[in-house]
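Dock chain B against the given chain A, drawing on the hints supplied.
Number of protein chains: 2
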Amino acid sequence: MTSNPLYLPELREMLSSSDKEGMREFCEAVHPAAAAEFMEGLSADESWAVLQHTGPATRTAIFSFFESAKQVEMIETLDREEMAELIGELAPDDRVDILKDSDTEVVAELMPLVPADERRDILRLRSFPEGTAGAVMTTEFARIHETATVQQALDEIAVQAGQLETIYYLYAVDTSDHLRGVLSARQLLSAIGKPNLSVGEIMERHVVSVDVDEDQEEVADKVARYDLLAMPVVDQEHRLLGIITYDDVLDVMREEAVEDAQRLGAVDPLQDSYLNTPFYTLAWKRGMWLTILFLGALLTALALQYYHVELSRWEWLVLFIPLVISSGGNSGSQSATLIIAALSAGHVSLGDSLKIVRRELLQGLLLGSFLGLIGFVAAYGLRGNVGDALVIPATILLVVLSGTFFGAVLPLLFERLGQDPALMSTPFIAGIIDVLGILIYMTVALTLLAPPILSG
Amino acid sequence: MTSNPLYLPELREMLSSSDKEGMREFCEAVHPAAAAEFMEGLSADESWAVLQHTGPATRTAIFSFFESAKQVEMIETLDREEMAELIGELAPDDRVDILKDSDTEVVAELMPLVPADERRDILRLRSFPEGTAGAVMTTEFARIHETATVQQALDEIAVQAGQLETIYYLYAVDTSDHLRGVLSARQLLSAIGKPNLSVGEIMERHVVSVDVDEDQEEVADKVARYDLLAMPVVDQEHRLLGIITYDDVLDVMREEAVEDAQRLGAVDPLQDSYLNTPFYTLAWKRGMWLTILFLGALLTALALQYYHVELSRWEWLVLFIPLVISSGGNSGSQSATLIIAALSAGHVSLGDSLKIVRRELLQGLLLGSFLGLIGFVAAYGLRGNVGDALVIPATILLVVLSGTFFGAVLPLLFERLGQDPALMSTPFIAGIIDVLGILIYMTVALTLLAPPILSG
Numbered sequence: 000m001t002s003n004p005l006y007l008p009e010l011r012e013m014l015s016s017s018d019k020e021g022m023r024e025f026c027e028a029v030h031p032a033a034a035a036e037f038m039e040g041l042s043a044d045e046s047w048a049v050l051q052h053t054g055p056a057t058r059t060a061i062f063s064f065f066e067s068a069k070q071v072e073m074i075e076t077l078d079r080e081e082m083a084e085l086i087g088e089l090a091p092d093d094r095v096d097i098l099k100d101s102d103t104e105v106v107a108e109l110m111p112l113v114p115a116d117e118r119r120d121i122l123r124l125r126s127f128p129e130g131t132a133g134a135v136m137t138t139e140f141a142r143i144h145e146t147a148t149v150q151q152a153l154d155e156i157a158v159q160a161g162q163l164e165t166i167y168y169l170y171a172v173d174t175s176d177h178l179r180g181v182l183s184a185r186q187l188l189s190a191i192g193k194p195n196l197s198v199g200e201i202m203e204r205h206v207v208s209v210d211v212d213e214d215q216e217e218v219a220d221k222v223a224r225y226d227l228l229a230m231p232v233v234d235q236e237h238r239l240l241g242i243i244t245y246d247d248v249l250d251v252m253r254e255e256a257v258e259d260a261q262r263l264g265a266v267d268p269l270q271d272s273y274l275n276t277p278f279y280t281l282a283w284k285r286g287m288w289l290t291i292l293f294l295g296a297l298l299t300a301l302a303l304q305y306y307h308v309e310l311s312r313w314e315w316l317v318l319f320i321p322l323v324i325s326s327g328g329n330s331g332s333q334s335a336t337l338i339i340a341a342l343s344a345g346h347v348s349l350g351d352s353l354k355i356v357r358r359e360l361l362q363g364l365l366l367g368s369f370l371g372l373i374g375f376v377a378a379y380g381l382r383g384n385v386g387d388a389l390v391i392p393a394t395i396l397l398v399v400l401s402g403t404f405f406g407a408v409l410p411l412l413f414e415r416l417g418q419d420p421a422l423m424s425t426p427f428i429a430g431i432i433d434v435l436g437i438l439i440y441m442t443v444a445l446t447l448l449a450p451p452i453l454s455g
Numbered sequence: 000m001t002s003n004p005l006y007l008p009e010l011r012e013m014l015s016s017s018d019k020e021g022m023r024e025f026c027e028a029v030h031p032a033a034a035a036e037f038m039e040g041l042s043a044d045e046s047w048a049v050l051q052h053t054g055p056a057t058r059t060a061i062f063s064f065f066e067s068a069k070q071v072e073m074i075e076t077l078d079r080e081e082m083a084e085l086i087g088e089l090a091p092d093d094r095v096d097i098l099k100d101s102d103t104e105v106v107a108e109l110m111p112l113v114p115a116d117e118r119r120d121i122l123r124l125r126s127f128p129e130g131t132a133g134a135v136m137t138t139e140f141a142r143i144h145e146t147a148t149v150q151q152a153l154d155e156i157a158v159q160a161g162q163l164e165t166i167y168y169l170y171a172v173d174t175s176d177h178l179r180g181v182l183s184a185r186q187l188l189s190a191i192g193k194p195n196l197s198v199g200e201i202m203e204r205h206v207v208s209v210d211v212d213e214d215q216e217e218v219a220d221k222v223a224r225y226d227l228l229a230m231p232v233v234d235q236e237h238r239l240l241g242i243i244t245y246d247d248v249l250d251v252m253r254e255e256a257v258e259d260a261q262r263l264g265a266v267d268p269l270q271d272s273y274l275n276t277p278f279y280t281l282a283w284k285r286g287m288w289l290t291i292l293f294l295g296a297l298l299t300a301l302a303l304q305y306y307h308v309e310l311s312r313w314e315w316l317v318l319f320i321p322l323v324i325s326s327g328g329n330s331g332s333q334s335a336t337l338i339i340a341a342l343s344a345g346h347v348s349l350g351d352s353l354k355i356v357r358r359e360l361l362q363g364l365l366l367g368s369f370l371g372l373i374g375f376v377a378a379y380g381l382r383g384n385v386g387d388a389l390v391i392p393a394t395i396l397l398v399v400l401s402g403t404f405f406g407a408v409l410p411l412l413f414e415r416l417g418q419d420p421a422l423m424s425t426p427f428i429a430g431i432i433d434v435l436g437i438l439i440y441m442t443v444a445l446t447l448l449a450p451p452i453l454s455g
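First to last, the sequence lines map onto chains A and B. Read in numbering that gives the first Met the number 0, the first sequence has 21 at position 22, and its numbers run on one by one without any break. Read in numbering that gives the first Met the number 0, the second sequence has 400 at position 401, and its numbers run on one by one without any break.
Only chain A is shown next, with the shape it has when bound in the complex:
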């Protein structure tokens, strides 16, 4: 999101000349998301001054599209009374997110100013652990008793439409709030000619729902799989607690994509954005993996130590050590990336394992042969001797084959064990192949350079 510098001077001009009509028009002329974007360059104070000139609904809508850092800054620095009022008007899930990020002292000052109903709702929503369905859900949704008529449902929805996050599903409950069925706005509108039918007669009884403590990633998968606009959230007794709307699912999917990328890059997923993660937390989350990889890499030193006699006899072998291990690491990273991404997108499953491994071995054969050819030319150029130079293509072919093989097999193995295959980060796979690459290199060199007949 890049801020649009075109509107900023005009906005500042309106502010300094107190052009109330101009600011009102600005707020109401475009989609609230666009207005929020145009105001990106304004300070918390200035933004609030602009928002004064429009009604509470538009003000809240624009505020809800600000970046979360700006929202928190406004909550923390502006007038407590006004902010408490704003908080009361925000969608339940949005305000809980903002309050979670705000200074606890400020929140303690604000809470008594928020109306009692909203306050209770905030406290309840805050109690759900981060990353669960409960923490993502909102509590404002259309709920109706299953015995109500279509006409009553239509009247109810017309009244509530302005306040609810989504009116596209009407959830039918019994007297103890158990989820009994769902009626889409589409079904309701189709029944407009039969106002006396009861909701229970036309509703869909097989409702897909999620448990309040279900992982948000699984919720997002379910919403995407069932093409739903909103997913009801229930407790253990199947009582309706809230709903998760598709726009929050989009946010969850973005979050999870970032986490997957971090796992693949051997960083323990950050809870927060990069800049908001405290320095030592960040250092720990990468340091632990870096240390594991470092200890693994120490094995390469031991492997080379084991072959030190051969390495001093054929000193030129040293030249190609980095080339050999990077070839294995790169081909392994590629295979792992392809297989992990295909697994997480649902393009392949464990049932395809044999097909995948066979395919990767053939790819390794082709790619390894080609790179080996380049390696042969380079080695011949440096050594001027066909016998020596042959060590390199043979090694590279075997190392690339190991790379594609382990790059495919290790993520599949993790998937089979019920672990996240992205834990098999590409640096981790590259590390395994580093050690293997040295063993292959030395074995090939010994075989080709010191045939048993000559050394005997």
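Please keep in mind that the hints were generated in silico from the structure rather than gathered at the bench. Computed from a prediction, not measured in an experiment: that's the story for all the values here. Among these hints, one or two may not hold up.
Just so you know, same-sequence chains aren't split out, so a pair can sit in one copy or run between any two.
Listed next, the in silico DSSO-like pairs over lysine-lysine satisfying Cα-Cα at most 27 Å (straight line) [as the list claims (entries may be wrong)]:
#1 Lys-284 with Lys-99
#2 Lys-221 with Lys-19
#3 Lys-69 with Lys-19
#4 Lys-69 with Lys-221
Then chain B, alone, in the frame of chain A:
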């Protein structure tokens, strides 16, 4: 998506005993997505046999949730007439996707059997290039003239509700089909008490829309940013051509996440899923990057060749070459992953560049010092000499610092140049740091092991 083996034996049993009622119940008892999932283990023939026993609407709904490979198999192998009928009933965007993947001869046989209206629509949708808004949009949506009344709009929507992909937005057009405004079902329902108002009076005039040739990733970003259920697609003259619904946006986001992961892993993004990509296309898409990385890695051989005198004087230095370069590569991969993911999620922007680089240098200092300490212990263990062993921690500190520095700077540089920062794949960054690592290692070794006073 794992298939549920519980239902399969029952389904096969029903099929062999021709239990029509049982199969009908199975199709209608659960959400179509769940029914499709339960049928995953059935062949194309068997699936179609089960679907015979429910009405066309449920049949089409379940079919639309099958995996695309199964849909294509069914289209290609089952009765042409029946398939043509099914195609006519599918959502316009779904059927175009399936036909794109199907055998061209089969499509040529099927098309004349599809009703003329649908056929024209298919041909038009197929003409939009893959990856553009036009290729993702659907052409069935609620459209109404801006002068219609609320009552007419309600009547119209009640009639069309069953056939349209989304009725949650009603698009208002003028007589030449120019997009004039949008009315959400929410606004329409709120106006239920004023049936004589015209759509033009209550509609939202500031409609966010996308161009038909806009990139699908930008469309997905816009929908997510504006929290929309559907996005109208217009041509150059702002005529309404179709809409993109949020469920297709979810699919686009998944696709783009896979592509980003592939770029990060140094694979040119695949157009198709892993198993559907032809063997030589796959080999080319990874081979080109592997070759570039290989040529880069050849530089390490030249660097080592340059230092061959020093390496034969202090042979033990060879032991730590892989350790040194993998430390740099891993810390560089981590930084690059963090920065690229933060940039693509919009958590950081170019304005934060200085802050990011400063942060990464401090992280490098901390992580490099810690790894250097472990390295010192290992080197002392292998060499038994403090003077020699000191080369390793000094090198590792500098190499890790270079890793975090270049890992942060190169993606930022690419972003600045208007390129996709994910092109700075982690193997690419690791490759640059490999060469640099050897230069640093040799320079440190020369400085510490051969002080000018002794060598003079």
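Each hint tested on the structure:
1. Taking identical chains as interchangeable, the C-alpha atoms of Lys-284 and Lys-99 lie at most 27 Å apart only when both belong to the same chain, with a minimum of 22 Å there against 44 Å between chains.
2. For the identical chains of this complex, Lys-221 and Lys-19 are neighbours neither inside a copy (47 Å) nor across copies (30 Å), given an alpha-carbon limit of 27 Å.
3. Taking CA atoms no more than 27 Å apart as the test, Lys-69 paired with Lys-19 passes inside one copy only; the shortest distance there is 23 Å, against 60 Å between copies.
4. With identical chains, the CA atoms of Lys-69 and Lys-221 are at most 27 Å apart between copies only, with a shortest distance of 20 Å across copies and 32 Å within one.
Of the numbered hints given earlier, the model fails hint 2 alone.
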